[in-house]
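Going line by line, the protein sequences match chains A and B.
For the first sequence, position 36 matches number 36 in my numbering, and the numbering has no gaps at all.
With the second sequence counted from 1, adding 126 to any position gets you my numbering.
Hints are supplied without guarantee of correctness; some may be wrong.
Okay, the calculated bits of chain A under chain B, using three or more residues with CB under 8 Å as the criterion [claimed, not checked]:
| no. | region |
| --- | --- |
| 1 | 36-44 |
| 2 | 61-69 |
Far from chain B, by Cβ distances over 10 Å, these chain A residues were calculated [as the list claims (entries may be wrong)]:
| no. | residue |
| --- | --- |
| 3 | 4 |
| 4 | 17 |
| 5 | 74 |
| 6 | 108 |
| 7 | 125 |
In case anyone wonders, no lab produced these hints; they're calculated from the structure.
In this text, a Cβ means the ideal position worked out from N, Cα and C, and glycines have one as well.
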Amino acid sequence: MAPPDLRYTKDHEWVRVEGDTATIGVTDYAANQLGDVVFVDLPAVGKAVEQFATFGVVESVKAVSDLYAPLSGEVVAVNGDLGSKPELVNSDPFGDGWMIRVKVGDTAQVDELLDAAGYEKLTAEA
Amino acid sequence: MTDQPAASVSTTKASDPAEHLHETALIGVHRALGARLIEFGGWLMPVQYTGILDEHRAVRERAGLFDLSHMGELFVEGDDAGDALAAALVSDPRTLAVGRAQYSMICAADGGVIDDLIVYRLAPERFLVVANASNASVVSDELAARLVRWRAVLDDRSLATSLVAIQGPRAAEVLAPLTDVDLAGLRYYAIAEGQVAGIHALVARTGYTGEDGFEVFVDWARGPEVWAALAAAGEGAGVIACGLGARDTLRLEAGMPLYGNELDRETNPFEAGLGRVVKLDKPGDFVGRDALARVAAEGPEKQLVGMVVTGRGIARHGYPLDVDGKRTGLVTSGTQSPTLGVPIAMGYVAPGDAEPGTILAVEIREQPVAAEVVPLPFYKRPKSA
Numbered sequence: 001m002a003p004p005d006l007r008y009t010k011d012h013e014w015v016r017v018e019g020d021t022a023t024i025g026v027t028d029y030a031a032n033q034l035g036d037v038v039f040v041d042l043p044a045v046g047k048a049v050e051q052f053a054t055f056g057v058v059e060s061v062k063a064v065s066d067l068y069a070p071l072s073g074e075v076v077a078v079n080g081d082l083g084s085k086p087e088l089v090n091s092d093p094f095g096d097g098w099m100i101r102v103k104v105g106d107t108a109q110v111d112e113l114l115d116a117a118g119y120e121k122l123t124a125e126a
Numbered sequence: 127m128t129d130q131p132a133a134s135v136s137t138t139k140a141s142d143p144a145e146h147l148h149e150t151a152l153i154g155v156h157r158a159l160g161a162r163l164i165e166f167g168g169w170l171m172p173v174q175y176t177g178i179l180d181e182h183r184a185v186r187e188r189a190g191l192f193d194l195s196h197m198g199e200l201f202v203e204g205d206d207a208g209d210a211l212a213a214a215l216v217s218d219p220r221t222l223a224v225g226r227a228q229y230s231m232i233c234a235a236d237g238g239v240i241d242d243l244i245v246y247r248l249a250p251e252r253f254l255v256v257a258n259a260s261n262a263s264v265v266s267d268e269l270a271a272r273l274v275r276w277r278a279v280l281d282d283r284s285l286a287t288s289l290v291a292i293q294g295p296r297a298a299e300v301l302a303p304l305t306d307v308d309l310a311g312l313r314y315y316a317i318a319e320g321q322v323a324g325i326h327a328l329v330a331r332t333g334y335t336g337e338d339g340f341e342v343f344v345d346w347a348r349g350p351e352v353w354a355a356l357a358a359a360g361e362g363a364g365v366i367a368c369g370l371g372a373r374d375t376l377r378l379e380a381g382m383p384l385y386g387n388e389l390d391r392e393t394n395p396f397e398a399g400l401g402r403v404v405k406l407d408k409p410g411d412f413v414g415r416d417a418l419a420r421v422a423a424e425g426p427e428k429q430l431v432g433m434v435v436t437g438r439g440i441a442r443h444g445y446p447l448d449v450d451g452k453r454t455g456l457v458t459s460g461t462q463s464p465t466l467g468v469p470i471a472m473g474y475v476a477p478g479d480a481e482p483g484t485i486l487a488v489e490i491r492e493q494p495v496a497a498e499v500v501p502l503p504f505y506k507r508p509k510s511a
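So here's chain A without its partners, still in its complex pose (with noise of 0.2 Å):
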């Protein structure tokens, strides 16, 4: 199910948005389609990321997945616990499987998102 306080990608990344700072992870629906989590590549503090631009890569046993960023801002934290527990990407994608922390520039790139509502239309279809 999609937290209805979140905004997501058609991509399956999710954001809360608190303020200026955006926390950005996957969705249990990405979780579940990569399966076993088992790497996760996240940029350094202080980096850009860019709306829909790439800004990381998770992979599972099997495959390799890029990462797109839901709004562009500055990484300002990294979740440091996926570094030995890539796998709280499966067990809690929507809490402590949280990817990265953003300095938002422009809040109303919010809007270019989907709600909780547009994102289980979309995973519903898929």
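Got chain A; can you put chain B on it based on the hints?
Positioned in the frame of chain A, the structure of chain B alone reads:
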């Protein structure tokens, strides 16, 4: 998030319902178990049920059940069956005792590998050749053509045979109560005819996981019964259904080649480290002999190695391998090893860079990441009684 086809089951892709795909007799079982189905070698096959890591560990610690009905079963029979196969393949099946098996390959005249095979001797002049699913029809046609001048006939029973494997340290104790085949007397790389769950079967002690285990060949329609009997008998032992995903990580840890990754028409057995399979001195000519004798004399142009990635990242099929900034080869398979907990890979390098201890750079998304050449296999099962 978008998937790239960097998987080491590299011929897989998402299933397209519009495509015509073969389905095994067990497709209903897979669907009922909630398997994720993918296209593999022209077949709709389960890639995973509960999860690749779960299934991988089940096979290493207990046992797993595999549907391998997509593989090709080619029966070769006749007065000249042994001589014919010796002329068609690089190994010498004539040296097999009845009831024993050997790993083999069918090569082109230039020495390139058409497929890797297991050959079982079922009777003095009756053999079973098991081919990879993706190559089954090519091998069937090629073998039939190579048998023409011999008193031997090919009976392609690929679509008439279900193949169910049980692999893992507890496989024997699960299978034993279901069969009249003496499993204690059935050695590794041996095969016997008998009953499994009351169904006529060929039971072979072979596999592709690095564990002890059995492959059970039955008539196509009996596949689901054999599966159900093994699943029920194995429940208490923690036996679970395993898909192609776990099969791939298991064989990679065991250092076994996968056709399409480590083996192809542009690769000869010596390059793949499988020169011991090629019997250059066997009586009679065989397809590929001249080319392979040359490779044996001159040495291979590339060499398959195992690697452990010591830097950050996972090496995948197709990633470049460099030494001192110079290209030496390509990764053929790679994953995070579920058993060892480190990223492992196989790949081809120039012969001078194949020594264990050599430090290579894998190009992972344009970044050089350190990897060390290590001896194969990565994983060897603990010796048991």
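*At a Cβ distance under 8 Å, does chain B reach at least three residues of the region 36-44 of chain A?*
holds (count 4)
*residue 125 of chain A: least C-beta distance to chain B exceeds 10 Å?*
Holds, because the least Cβ-Cβ distance between residue 125 of chain A and chain B comes to about 15 Å, which exceeds 10 Å.
*Was residue 108 of chain A rightly flagged as not at the interface, with every chain B Cβ beyond 10 Å?*
holds, 24 Å
*Is it correct that the beta-carbon of residue 17 of chain A has no partner in chain B closer than or equal to 10 Å?*
For residue 17 of chain A, whose nearest Cβ neighbour in chain B is about 19 Å away, the distance exceeds 10 Å, so it holds.
*Minimum Cβ-Cβ distance from residue 74 of chain A to chain B exceeds 10 Å*: The claim holds: residue 74 of chain A sits with its nearest Cβ about 21 Å from chain B, beyond 10 Å.
*Within 8 Å of chain B's CB atoms, at least three CB atoms from the region 61-69 of chain A: coverage verdict*: With 8 residues in contact (Cβ-Cβ under 8 Å with chain B), the coverage given for the region 61-69 of chain A holds.
*Could you let me know if the closest chain B CB is still more than 10 Å away from the CB of residue 4 of chain A?*
For residue 4 of chain A, whose nearest Cβ neighbour in chain B is about 21 Å away, the distance exceeds 10 Å, so it holds.
Of the numbered hints listed earlier, not one is contradicted by the structure.
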